[in-house]
Amino acid sequence: MNKKANFGFRETFCLLTLLIITKIFFTSMSTLIGLTGTAAWYTTLISGITASVGFTFVYLLIKRFPGNNLVQIFKKVAGKVLGSIISLLFCGYFVFYTSSNLREFLEMVKAFYLPYTPPSFILITFLITTALLSYLGLEAITRVSTFAFYVVITVIAAIILLVAPNYSLDDLFPIGGYGLKPTLFHGILRSSAYGEIIFLAFIANSIKGGIKNIKKAGYWSLIIGCMITSITILCVLMIFEYVQGNENLSSFFQLSRVIYFNRFFQRFESIFMFGWVFASVINVTFAFFITVYVFSNTFDIKYYRPLILPFIFITFVIAIMPENLSQIIYFNINVIREYSSFFIFTVPILVLIAAVIFKKKGDFKNSNSNKEGDRNLEKS
Amino acid sequence: MKKALLNLLKFITYKENKSPKEFYLPSKEEIEEYYYKDKETDSTDEKTQSKPKDSSEIKFPKKAIPVAEIQKKQSNDKPEADDGTISTNIDENINYIKKIFNSPKNKDLVLREFIIAGNHRAFIAYIDGMVNNIIINNFILRPLLTTDKIKSDSGGCQLDEVLKSVLETNQAKEVKEPQEAIYEILSGNTILYIDGCNYYVTNETKGFDKRGVETPQTEGLVKGPQEAFNESIRTNITLVRKIIKSPNLTTEFFKLGRRSKTLCAIMYIKGLVNPALVDEVKRRLDGIDTDFLCNSGMLEQLIEDKSYALVPSVINTERPDRTSSHIVEGRIAIFLDGTPFVIIVPATLPSLIHSPEDSALKWQYATFLRLIRVFAIFLATLLPGLYVAITNFHQEMLPTDLLIAIAKAKENVPFPTIVEIILMELSFELIREAGIRVPGIIGNTLGIIGALILGQAAVQANIVSPVLIIIVAITGLGNFAVPNFSLAFGIRLLRFIFIITGALLGFYGISLTMLIFVALLCNTNSFGVPFLSPIIPKTRRSRDLYIRWPLWMQELRPDIINPMDERRQPPISKKWSVENPYSTKNNIIAKDEEDNDEQKG
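Just so you know, the protein sequences line up as chains A and B, in that order.
If you use the working numbering, the first sequence corresponds to residues 1 to 380, in order.
If you use the working numbering, the second sequence corresponds to residues 1 to 601, in order.
These are computed hints drawn from the structure, not numbers from a lab.
Take these hints with a grain of salt, some might be off.
[What the hints assert, rightly or not] Ranges of calculated distance between the beta carbons of each label pair, as one might list FRET restraints:
| hint | chain 1 | residue 1 | chain 2 | residue 2 | range |
| --- | --- | --- | --- | --- | --- |
| 1 | B | L6 | A | D363 | 40 to 46 Å |
| 2 | B | S246 | A | K360 | 57 to 63 Å |
| 3 | B | P416 | A | I49 | 53 to 59 Å |
| 4 | B | L6 | A | L89 | 38 to 44 Å |
| 5 | A | A111 | B | N392 | 15 to 21 Å |
| 6 | A | P182 | B | Y14 | 34 to 40 Å |
| 7 | B | D401 | A | V258 | 20 to 26 Å |
| 8 | A | F343 | B | L6 | 51 to 57 Å |
| 9 | A | A157 | B | G212 | 43 to 49 Å |
| 10 | B | P399 | A | N334 | 38 to 44 Å |
| 11 | B | Y14 | A | F343 | 29 to 35 Å |
| 12 | A | N334 | B | E566 | 25 to 31 Å |
| 13 | B | G443 | A | Y135 | 42 to 48 Å |
[To be verified] Below, in silico cross-link-like pairs of lysine-lysine (BS3-like), each with a Cα-Cα straight-line distance of 25 Å or less:
| hint | chain 1 | residue 1 | chain 2 | residue 2 |
| --- | --- | --- | --- | --- |
| 14 | B | K538 | A | K216 |
| 15 | A | K361 | A | K216 |
| 16 | B | K164 | B | K151 |
| 17 | A | K63 | A | K361 |
| 18 | B | K10 | A | K215 |
| 19 | B | K282 | B | K270 |
| 20 | A | K63 | A | K212 |
| 21 | A | K181 | A | K76 |
| 22 | B | K10 | A | K302 |
| 23 | B | K98 | B | K15 |
| 24 | A | K212 | B | K538 |
| 25 | A | K302 | B | K15 |
| 26 | A | K302 | A | K212 |
| 27 | B | K245 | B | K261 |
As the structure is a computational prediction, the values presented were derived from the model and not from experiment.
Cβ atoms here follow ideal geometry from the backbone N, Cα and C, with glycine treated the same way.
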């Protein structure tokens with residue numbers, strides 16, 4: 001067992017994959033089926049490939065500055081002022097991302113599981129958990145995500161297998177969906193749905209094994225995340241076909257309601273709530289932690305812990321701002337899963353171009369220290 | 001006013017928690033690279049005694065001294081004792097000892113004066129009841145009073161001659177510090193002083209009553225050794241030495257507690273255990289400054305990593321065989337005088353759910369038992385919480401027939417489910433506690449009778465539903481199946497948290513609590529080893545985790561504790577399985593038989 005490292009490939013892979021696949025529990029699948037019909041299952045593969053291309057540029061940028069995270073790279077390339085502004089923009093986006101995901105989760109839980117519980121109570125208990133996990137630090141979050149990853153994968157596998165008797169292959173046809181053009185267009189546009197991969201760049205200096213593991217974890221989580229998403233969409237299509245699949249609020253939840261073997265083995269959907277909650281808590285908590293971390297790093301604040309409470313408050317306020325679920329789906333979630341890639345991938349690409357033009361490079365001597373990870377993140 | 005404002009400002013100012021010194025267990029490579037290098041540097045720099053500035057640097061305090069070397073070491077470290085040296089005047093020494101022991105008010109101290117060879121004044125001192133009188137009478141006093149080896153007219157200190165040729169005790173040695181002499185008396189030894197000397201001689205005369213080696217009370221098993229530790233540290237150490245006959249098995253002693261001066265020992269195999277772990281254990285034991293320690297539970301609380309953790313971060317055992325198996329894996333055992341439990345460090349969650357019986361059984365049975373235990377932990381922690389959550393929030397999960405059965409049973413019960421379950425759980429806890437406190441046979445029967453009568457009466461009085469009695473009973477059974485007492489305690493407390501969160505928010509509340517609890521466990525370390533390892537973080541695949549693989553497949557020691565020798569046995573440990581059964585001796589017999597046949601033919 002190696003020491004002095006926060007976490008290695010395994011934890012990073014589990015965390016990122018979990019972040020990517022969380023959206024299958026929510027409205028993402030129905031939206032995609034609505035946009036591309038029966039082609040949805042491979043549209044998401046196109047999104048994955050596009051996101052991989054975007055990640056390649058991010059990876060090249062990190063490779064150029066070994067031992068640094070994205071905030072430090074922004075400051076090195078664009079200068080302290082401009083770099084800080086870019087970091088703050090990311091911070092703002094992450095607050096939006098956290099709040100929107102939180103609200104989406106709240107609406108789902110309220111609709112399906114806890115219709116009589118006050119929404120603010122659900123939000124507050126969720127945010128207390130987020131604050132506690134963030135207080136424990138990045139290492140604790142990544143380790144919990146390893147545990148949650150297995151639970152979530154088990155839940156997904158169980159649902160997919162238990163509804164197997166109801167699959168109808170005919171529902172996958174016409175296989176071309178609404179045609180090549182919308183498939184390609186939405187495939188490329190919805191690469192934003194895999195935008196969580198950018199988080200990797202913000203914790204790059206905490207990953208044991210340095211740049212090699214960052215590359216490995218990044219691509220593998222994209223591949224596995226993409227495959228899981230594709231398979232679940234395929235299963236949803238085989239059960240509901242594309243017309244009804246478009247109407248479900250949460251296709252995956254509806255999928256779990258289909259499970260029926262006899263009078264005794266039926267209506268299992270509540271038990272799968274553990275997977276939902278685990279995935280959502282890890283997703284929101286990690287995004288929240290990165291928000292606080294980016295903010296503290298931008299202004300060189302020594303401790304991140306005092307920032308937890310104010311940011312929890314901000315997240316809560318932004319989460320309760322949308323009036324209803326429709327507003328969440330058609331504005332917040334649409335921005336995150338369709339248009340965010342313009343920001344999250346384009347900015348690092350521009351910074352990479354600037355670094356190449358101005359011949360700015362990191363200190364390669366420091367890259368060795370990255371082999372054992374940066375423990376300062378825990379203390380900072 | 002200003003002070004009040006400053007206090008107010010302090011109240012709202014963020015203060016980073018002072019975390020204890022962070023310790024991690026270095027790997028074998030790191031030990032070889034830094035540890036020995038540091039040691040060499042330390043030995044060359046001994047004169048300068050420079051201390052490393054950064055706490056993250058590996059530094060290994062060397063305060064613990066083996067008991068056999070205490071006198072020698074202390075005389076080197078402290079050439080002049082703080083409280084002076086031993087006087088050469090017998091009256092001064094008698095007065096000193098009497099004053100220290102508050103004699104004659106304190107009747108426990110026996111100080112007997114006598115004269116050797118008609119001229120030399122002497123005395124012996126001991127605590128009444130702690131010594132073996134036969135040894136003192138026959139092998140100390142009688143030889144001294146009848147000796148002819150000491151001349152009455154010889155001057156100077158005669159203790160050296162007495163030690164060499166008069167005393168007939170097996171362990172006798174010089175003591176040159178008054179404090180050490182006091183400790184010897186308190187330990188049950190007898191000190192001897194002769195006028196004109198500037199030191200005492202201590203004789204091994206311990207003879208207090210102790211319990212014999214009996215069968216384990218809390219860790220009983222069907223197949224395996226039936227010996228348990230008792231309250232004597234010497235007996236306990238011997239029981240382990242009896243099992244591990246290795247010259248590298250090392251025992252180091254400490255005295256803990258300013259007033260109790262309780263003897264404590266750590267035991268490990270030199271060359272196998274990670275030296276950094278040994279130093280960390282010593283550092284923590286040395287760092288204890290308290291006045292009284294009388295059991296391993298107190299010591300456990302003083303050396304554990306995180307006090308708020310609900311789970312124990314050390315293994316407690318009363319079994320010598322279990323202690324030995326952990327020592328051979330590269331862990332350290334901590335013995336405390338006066339307690340029949342030994343502390344083993346570092347501990348991980350899987351090691352807490354293993355039972356000593358596992359290795360005695362065939363691997364299939366042991367694996368089955370381990371899975372049952374995991375299931376028991378699940379039941380003991382979550383079952384009541386899940387029941388409350390399902391009946392309050394997720395009724396659709398239950399099949400209609402079962403739901404009707406539960407509803408029917410609950411029809412006449414006036415309380416909501418949460419009140420019912422808390423009532424019954426508290427009653428169950430009450431029965432458990434009462435069963436332990438009530439003496440003798442009544443205690444054993446109280447649990448059964450109490451539970452039966454109370455449960456039956458509660459159901460008949462329509463206070464609780466029969467289904468709930470089943471839930472509480474299964475939960476209790478699950479809790480009893482947890483092999484570690486401290487872990488079972490943690491689970492008992494955790495159960496109530498799950499009941500409350502399940503009642504408030506259903507499965508959602510239980511999920512959140514579960515995540516928080518797992519995060520806290522992930523954040524817990526036991527002497528530098530993550531508590532959930534080798535699962536989180538994942539280390540080398542273990543063949544002794546949940547599935548206990550056959551013994552011949554367990555070739556390596558646990559990776560998580562970074563032992564200096566990882567290999568337990570060669571890849572082929574059952575060598576007979578690859579040998580030709582008709583080779584060597586058997587072949588010779590076969591050849592002889594062939595020769596005989598030929599001769600007959």
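Honestly, do D401 (chain B) and V258 (chain A) meet the 20 to 26 Å range at C-beta?
22 Å, holds
What's the verdict on K282 (chain B) and K270 (chain B), does the C-alpha distance respect the 25 Å limit or exceed it?
14 Å, holds
K10 (chain B) paired with K302 (chain A) [C-alpha distance capped at 25 Å]:
18 Å, holds
Please check whether N334 (chain A) and E566 (chain B) have a Cβ separation lying inside 25 to 31 Å.
Violated, at about 54 Å.
For the pair supplied as a hint, K98 (chain B) and K15 (chain B), is the alpha-carbon distance within the 25 Å limit?
Answer violated: K98 (chain B) to K15 (chain B) is near 52 Å, above 25 Å.
For the pair supplied as a hint, K63 (chain A) and K212 (chain A), confirm whether the alpha-carbon distance does not exceed 25 Å.
Holds, at about 9 Å.
Given pair status - K215 (chain A), K10 (chain B), alpha carbons within 25 Å
46 Å, violated
Given the hinted pair K538 (chain B) and K216 (chain A), is their alpha-carbon gap at most 25 Å?
17 Å, holds
Does the hinted range 51 to 57 Å hold for F343 (chain A) and L6 (chain B) at CB?
Distance hint for F343 (chain A), L6 (chain B) is violated at roughly 46 Å.
Between K63 (chain A) and K361 (chain A), does the CA-CA distance stay at or below 25 Å?
Within the cut-off at roughly 9 Å; holds.
Take the C-alpha atoms of K181 (chain A) and K76 (chain A), compute the straight-line distance between them, and say whether it is at most 25 Å.
41 Å, violated
Need the status of pair K361 (chain A), K216 (chain A): alpha-carbon distance at most 25 Å?
Roughly 22 Å between the alpha carbons, so the hint for K361 (chain A) and K216 (chain A) holds.
Hint compliance for this structure: hints 6, 8, 9, 12, 18, 21, 23, 26, 27 are not met, and every other hint is.
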